[in-house]
Amino acid sequence: MIWASYLLDSLLAAVFFAAFYSKVSRIQDFQLSIGSYRLLKEKYLAAAARGVLTTEILLFVTFASGTASYVKESMAIVILAWFTFALLWKRRRANDEAATCSCFGSNSWLNRYPLTRNLVLLALAAGKVFLIPALGQGASGSWLQLAINTLLICGYLLIADLRSSLQHNKRLRLRL
Numbered sequence: 823m824i825w826a827s828y829l830l831d832s833l834l835a836a837v838f839f840a841a842f843y844s845k846v847s848r849i850q851d852f853q854l855s856i857g858s859y860r861l862l863k864e865k866y867l868a869a870a871a872r873g874v875l876t877t878e879i880l881l882f883v884t885f886a887s888g889t890a891s892y893v894k895e896s897m898a899i900v901i902l903a904w905f906t907f908a909l910l911w912k913r914r915r916a917n918d919e920a921a922t923c924s925c926f927g928s929n930s931w932l933n934r935y936p937l938t939r940n941l942v943l944l945a946l947a948a949g950k951v952f953l954i955p956a957l958g959q960g961a962s963g964s965w966l967q968l969a970i971n972t973l974l975i976c977g978y979l980l981i982a983d984l985r986s987s988l989q990h991n992k993r994l995r996l997r998l
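Residue 823 is where the sequence shown starts when you use this note's numbering, and the numbers rise one by one after that.
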């Protein structure tokens, strides 16, 4: 069960970091995306964007380090439930099943089925709370887990981003 806990923590850390990473460099686009839900007035969009980004990076750190057992899962469940509600609200207002989100950037496969994605992530977080006991690791274990997860997750995303940029530049050079 310890490995299941580490695996789920790492998976959820990767998801929240990917969400953060895809939005932080395009904060204006993210604010527009929040505005498209029509739940907040325009003057609150910047604060909402900063709040979501702060929450996502905090969730990344807590899942990547394995700390704050039950608190991090509860926070993840609340934010994922809120995102699911907002998406359903947006679809209902648009009278369109095609209304989607751009939570993971413009080219991510995680954006294809946002309701399914959120329900799976909700199930994983809830399952971790109810099925897998909390780890009783010390501070050094938490720091080590945080360091390993940060290196793996951030390294993978940075390499993937670099590869994508290089491919994009290569396509641009071919057109010239």
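It should be emphasised that the hints constitute simulated quantities derived from the structure, not laboratory data.
Bear in mind the structure is a predicted one, so any value in this text is a computation, not a measurement.
Built from N, CA and C at the ideal position, the CB exists for glycine as well.
Hints may contain errors.
[To be verified] Pair by pair, the computed Cβ-Cβ distance ranges are:
#1 I824 to E864: 43 to 51 Å
#2 L980 to T876: 16 to 24 Å
#3 L979 to A868: 34 to 42 Å
#4 K865 to L979: 26 to 34 Å
Problem set entry | E864 and I824 - C-beta distance against the hinted 43 to 51 Å | 48 Å, holds
For this session: Kindly confirm whether 34 to 42 Å is satisfied by the beta carbon distance between L979 and A868.
Result: 25 Å Cβ-Cβ, so the 34 to 42 Å window is violated.
For this session: Using the beta carbons of L980 and T876, state whether their distance is inside 16 to 24 Å or not.
Result: Holds: the Cβ-Cβ distance is about 21 Å, inside 16 to 24 Å.
For this session: May I ask you to test the hint 26 to 34 Å on the CB atoms belonging to K865 and L979?
Result: 32 Å, holds
Violation of the numbered hints given earlier is confined to hint 3; every other hint is satisfied by the structure.
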